[in-house]
Amino acid sequence: MKLRALAHSRTGDKGNTANVSLIAIDPADYPRLERHVTPERVRAHFAGIVHGEVVRYALPQLGALNFVMADALGGGVTRSLALDAHGKGLSAALLDLEIPDEA
Amino acid sequence: MKSIRLGAGAGYAGDRIEPAVELAEHGALDYLVFECLAERTIALAQQARLRDPASGYDPLLEARMRAVLEPCRRNGTRIVTNMGAANPLAAAEKTRAIARDLGLTGLKVAAVIGDDVLEAVGTGDYQILETGGRVRDLGNRVISANAYLGAGPIVEALARGADVVVTGRVGDPALFLAPLIHAFGWADDDWDRLGRGTLAGHLLECAGQVTGGYFADPGVKDVAGLSRLGFPVGIVTQDGDIEITKVPGSGGQVTLATCKEQLLYEVHDPARYLQPDVVADFSGVAMEEVGPDRVRVTGGRGTPATGLLKVSVGLIDSFIGEGQISYAGPGAAARGRLALDIVRERLSLTGVTASELRFDLIGVDSLHGPARAAGAPEPYEVRVRVAGRCDSLGEAARIGNEVETLYTNGPAGGGGAWKSAREVVGVVSVLVPAALARPSVRMIEA
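Just so you know, the protein sequences line up as chains A and B, in that order. With the first letter of the first sequence counted as 1, position 12 gets the number 12 in our numbering; the numbers rise by one all the way through. With the first letter of the second sequence counted as 1, position 90 gets the number 1090 in our numbering; the numbers rise by one all the way through.
Everything labelled a hint here was simulated from the structure, so no lab data went into it. Keep in mind that the hints are not guaranteed to be accurate.
[Unchecked claim] Rough simulated footprint, nothing fancy, chain B against chain A, three-plus residues with beta-carbon under 8 Å:
id : segment
1  : 31 to 44
2  : 62 to 68
3  : 83 to 95
Built from N, CA and C at the ideal position, the CB exists for glycine as well.
Taking the hints into account, I'd like the entire structure generated from these sequences.
What follows is the structure in structure tokens.
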């Protein structure tokens, strides 16, 4: 199943670093997000877009994860050649990630 | 317990104005705050000021002030804004002129100045955080350097009776933290309360982004009334507990989900949200829906400020040239790809010098690259986009030209060609000792 069925997301930008939140729609699903959406998987999912490290921060009381992705915005919002220089659409790309169905 | 009502009247420079008027009229606000200064905006404003010394502040300042000054005065609401950009004094004088024009005699306007640290930083041995290089090596490419000031000078302006405070660069949450410090007398080492005030500011500073803007995803996250989205009101107690709400009857929604998305917006380590006045800690934040469109936010904390200020350095970075053209119908994607191949070869054949080039097929792979687009169905239409970075405007213009000539020289049926070439002002950051910036307050009266 796609992450979009379980979670919502928003991207922020600072310089050449993007952060993408991942928030469980139902807090009961948060452990599944924590289990399946590792920084390694996110790094692989964004291969070709994110060139730096991916660090994950957890806020379990909110059912939320925050992925901080370095070297992700084509040199930074102010100079990037990209159409979406802010990387606003990265949140939707994260929700396209497949995770295993489970009961 | 005493509480203060803060409204957010703008989330960026070009934001809608009617929601701010709605807040001024019906928000029962103590303060209306406008955050309008993106990272690069102040560098562009500095360029404008060099061309015309009376300019350099937010182009929408006049429209905003004309819309809200009267209702704010009538309702006892004070205004705090960074619309001063590169010229807070001129912005304050303009505000006073508008107040006089509206008959608001005696209105006190404060300008916060001193964020401009170009002289010290431009020649200093400061390391650029993004590149590791030194500012002084940028030479005459540097056009501005502005420190993110803390709440201090805004608090001073409020204590001196300002009805309107106009600043240049300050930490965005400080625009909201300052009224709280002024109203509650929080000490400058009361880190937990300063952290909670920063949390309130962070949740509010993007205005509609916490009330259902930038959130809707039809069928999954539906939001009603986005065309008349209400901007947020934060109700903050003496202890720094926060409720986020909006004007009843306005569009949008305040829910746990909207507040959670905004909590993490532009945040890296939630335990260390670096601000001039405090290192705010959002890691223990809890949220609870306490009514319709009403979310209570608790558990913010803070640790001592670093003693350093972030400075945004604006510089002439490069020149970007760009061209676009569209193809539709059967075989559209193949014709688009052929067009990209032709331009790629033309740029090489004609010797266009670009340090970086990008070839996009909008509708297929322009946002997240070919890997994500693989296996997607063929689109009915595509838009070709070629962009490149050059050392001069003339060279950059050649890129768009090579896209435009596809009209008569490229694949069949290309339409809607468009081209541009522009100078790029970039921004890099350095950290400086807080004492380097010497903020001060100028008061004027209508």
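Legend entry - Whether chain B covers the segment 62 to 68 of chain A (at least 3 residues having a Cβ closer than 8 Å to its Cβ atoms): holds (count 5)
Legend entry - Coverage assertion for the segment 83 to 95 of chain A with respect to chain B, Cβ distance below 8 Å, three residues required: With 5 residues close enough to chain B, the hint holds.
Legend entry - Cβ contact check, 8 Å cutoff: the segment 31 to 44 of chain A against chain B, three residues minimum: violated (count 0)
When held up to the earlier numbered hints, the structure conflicts with hint 1 and nothing else.
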